[in-house]
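Going down the list, the protein sequences come from chains A and B.
Per the working numbering, residue 1 is the first one in the first sequence, and the count goes up by one each step.
Per the working numbering, residue 1001 is the first one in the second sequence, and the count goes up by one each step.
For the record, the hints were derived by calculation from the structure and aren't laboratory data.
Idealized CB from N, CA, C, for every residue including glycine.
Among the hints, erroneous ones may be present.
Label-pair ranges, simulated between beta-carbon atoms [unchecked claim]:
#	chain 1	residue 1	chain 2	residue 2	range
1	B	1137	A	427	53 to 59 Å
2	A	297	B	1105	17 to 23 Å
3	A	242	B	1119	28 to 34 Å
4	A	428	B	1071	39 to 45 Å
Covered stretches of chain A, going by a simulated chain B footprint (3 or more residues, C-beta under 8 Å) [said to hold, decoys possible]:
#	segment
5	90-102
6	135-147
7	243-253
8	261-269
Each chain, written out:
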Amino acid sequence: MNAITNLEGENKMKKLCFVLLLMISGLIVSGCQSDSGGGEGSSDGKVEFEFWAAPNPTQEAFWEDMAQQYMEEEDGVSINVTPMPESPSSEAGIQSAIAAGNAPAISENISRGFAAQLAASSAIVPFNEFEGYEKLIQERQMEETMSSWTFTDDQQFVLPVYSNPMLFAWRTDILAELGFDEAPRTYDEVLKAGEKLKEKYPEKFLWSRADLVKPTWHARWFDFFMLYNAASDGNNFVEDNKLVADNEAAVETFKFFSQMAEGDMLLTREATDPFESGDSIMMDIGPWTFSYWDEKFPEMVEGETYELTMPPVPSEEGTENPKTFADTKGLSIYASATKEQQQAAFDFVNWVFSKPENDLEWFEKTNLPPARDDLATNDAFTEFLEENSELKKYADNIPNAVPPIASEKTAEVQELIGTEGLNPVVKGEKDAEQAWEDVRNAIDGVLE
Amino acid sequence: MEKSTARLGWLFASPYLIYSLIFFLFPLLWATYLAFTNWNLISPDYEFVGISNFIEAFFSESVRAAFFVTYKFLGMFVPIAVVGALMLAMIIHTLPRFKGLFSVAFFLPYLASGVASAIVVNGVLSYNSPFNIWLRGTFGLDIDWLGSSILAPLIIALMMAWKFAGYYALLFVAGLESIPKDIYEAAEIDGAVGFKKFWYVTLPMLYPSFYTVTILAVGLMFGIFTEPYVLTGGGPDLATHTWQLEIYSQAFERLNAGYGTAIAVINSIVTFGSILVFRKILEKWGARHGWE
Chain A
1 MNAITNLEGE NKMKKLCFVL LLMISGLIVS GCQSDSGGGE GSSDGKVEFE
51 FWAAPNPTQE AFWEDMAQQY MEEEDGVSIN VTPMPESPSS EAGIQSAIAA
101 GNAPAISENI SRGFAAQLAA SSAIVPFNEF EGYEKLIQER QMEETMSSWT
151 FTDDQQFVLP VYSNPMLFAW RTDILAELGF DEAPRTYDEV LKAGEKLKEK
201 YPEKFLWSRA DLVKPTWHAR WFDFFMLYNA ASDGNNFVED NKLVADNEAA
251 VETFKFFSQM AEGDMLLTRE ATDPFESGDS IMMDIGPWTF SYWDEKFPEM
301 VEGETYELTM PPVPSEEGTE NPKTFADTKG LSIYASATKE QQQAAFDFVN
351 WVFSKPENDL EWFEKTNLPP ARDDLATNDA FTEFLEENSE LKKYADNIPN
401 AVPPIASEKT AEVQELIGTE GLNPVVKGEK DAEQAWEDVR NAIDGVLE
Chain B
1001 MEKSTARLGW LFASPYLIYS LIFFLFPLLW ATYLAFTNWN LISPDYEFVG
1051 ISNFIEAFFS ESVRAAFFVT YKFLGMFVPI AVVGALMLAM IIHTLPRFKG
1101 LFSVAFFLPY LASGVASAIV VNGVLSYNSP FNIWLRGTFG LDIDWLGSSI
1151 LAPLIIALMM AWKFAGYYAL LFVAGLESIP KDIYEAAEID GAVGFKKFWY
1201 VTLPMLYPSF YTVTILAVGL MFGIFTEPYV LTGGGPDLAT HTWQLEIYSQ
1251 AFERLNAGYG TAIAVINSIV TFGSILVFRK ILEKWGARHG WE
């Protein structure tokens, strides 16, 4: 009897084992399945592809709307718009997806520096190899903008969607109290305003920016490069993997930071809304700030409390048409997608940018100026710019905005500008000449 | 029957074993292999570079900083978190009612997002926060909290202690609940009262909880990322630069995935070695109090 019970027990256990093993296998198989990358490819004669939008609700909404409209016109295409993963940055999300074979066919939010890294690894394909590219550039009126985006081998790996010429905002109400009718344009004028400010309000600062003493590489776009581009008239920094920076302009830039630091004009500690509260009177500013001000600081009114200017320059000569840094990102098509998907992705982009009204929709939804040379002159945008006068200055300066350096060593180069140059200069540990000498040597070592 | 029982044991353990195999062992082996290459995570081509990644890491200032900064965090966080958790556990343990409610309340910070709490701390410590304005106005104290290489790591350690103390307290509460009452009665007969009772009975009897909490806390220090990433970016002057920040920066910002993986391998060896040392110390202490 016992033997029979044991046998039955063993049979039951075998069955249980089998069921459990089956479940585990199922779990493993389903867990390990990965997307082929770029999307599903073709099914029912349709070309399907993934579009990764920037992880920003307004940008996602724009691309979803565009994809919907395009699919209504084009039966043979299916576009799945999803926000790109940020883990912890969108760049890291894209790298992980490429490594895992899950990259989309196309994504936005690609900076020029990151594109150089992707291009060096053949992870993205050049736009200029698609039929219709030249026509697209002409139709979207972006020849001048694209000229600064060209990579060293004359390839165009990114199609810029928007371009923010970074500006400085000045508290004109406080400047008026100090006896200034308009915002400073040259280094001397800035320093004079700073001195007056410290005389009248010792606890206030000219510029509040904690990143000035941090090595964070991407922070250099919004301090060093804004001023360097203005001082050097947009001279390239790195070309063909060589440092080609304008030495004089770089030293002038560091000297300017040094003078502001010596005069106790820089607040290098974290501060909450220092410009809005009047704790500082100058601020690097992008157009994304205005919707925040509308909501939290309605008292910030252009012409009353603040004024927007291009970055200050070393002397009066450069004040006419100074250059600045372009906070600009664009679209890239991934090499891992099939040729069919790549072409379909390009056709979609071509369709979106062939109509100025789509750029207008983008501008209205995101406040980010479309990367078009004619933004300030094209009738399609006139009404919107009249209603949003604070954006006019950005539109006017798109041709004066220099995109980030195109080098696969962007992160290292910009980190060295901080650690060897800007950070010690602001802390008073190095003079401008020594700092630039050290930056040069360190960057040469990295680019070798 | 014994054989089939063993088989059943393996079977029930198999989901975890298979999970570990796929998500821990295989990635570990793959990472070890990558540490000897110059792969950048996205390129289809890469080369075997021998031990050059490890040599580079050995001479790297930022890797050295990560090594020492972790022990600095450990020295600050472990005592604060363990003592804090023990105090919370004692409070909860002595509560006549609503023990569960208070346990949950103290556990809540553990569920808070690291990014969100770092942003809050950043706001509280910012130059123009009400707290700093009050300090300047009342005492003339102008403290650069996150710009000081002593205060910045201390603030991060305190933040993490706030987050984890409630969680560790639960483990201590479980330990306190399991101490038999008759041991206290026997100790009282022998004349142990007040602090003596705590020192000679409670503390040694809590050894299993101490062991778990300390090992968890030590292990945690080798994986800090979010708080320094948001609050200090590793600064000032690498004073809060952790292993994870270095790995992230190398692998994802500079695309040196092979080198980043080599640092990750070194990190895991250092973590393993450190936990081993702490285990030995704790086991010695336990053995002295009758825990074998």
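- Message: Let me make sure I understand: some of the numbered hints might not hold for this structure. Which ones are they, in numerical order?
- Response: 1, 2, 3, 4, 6, 7
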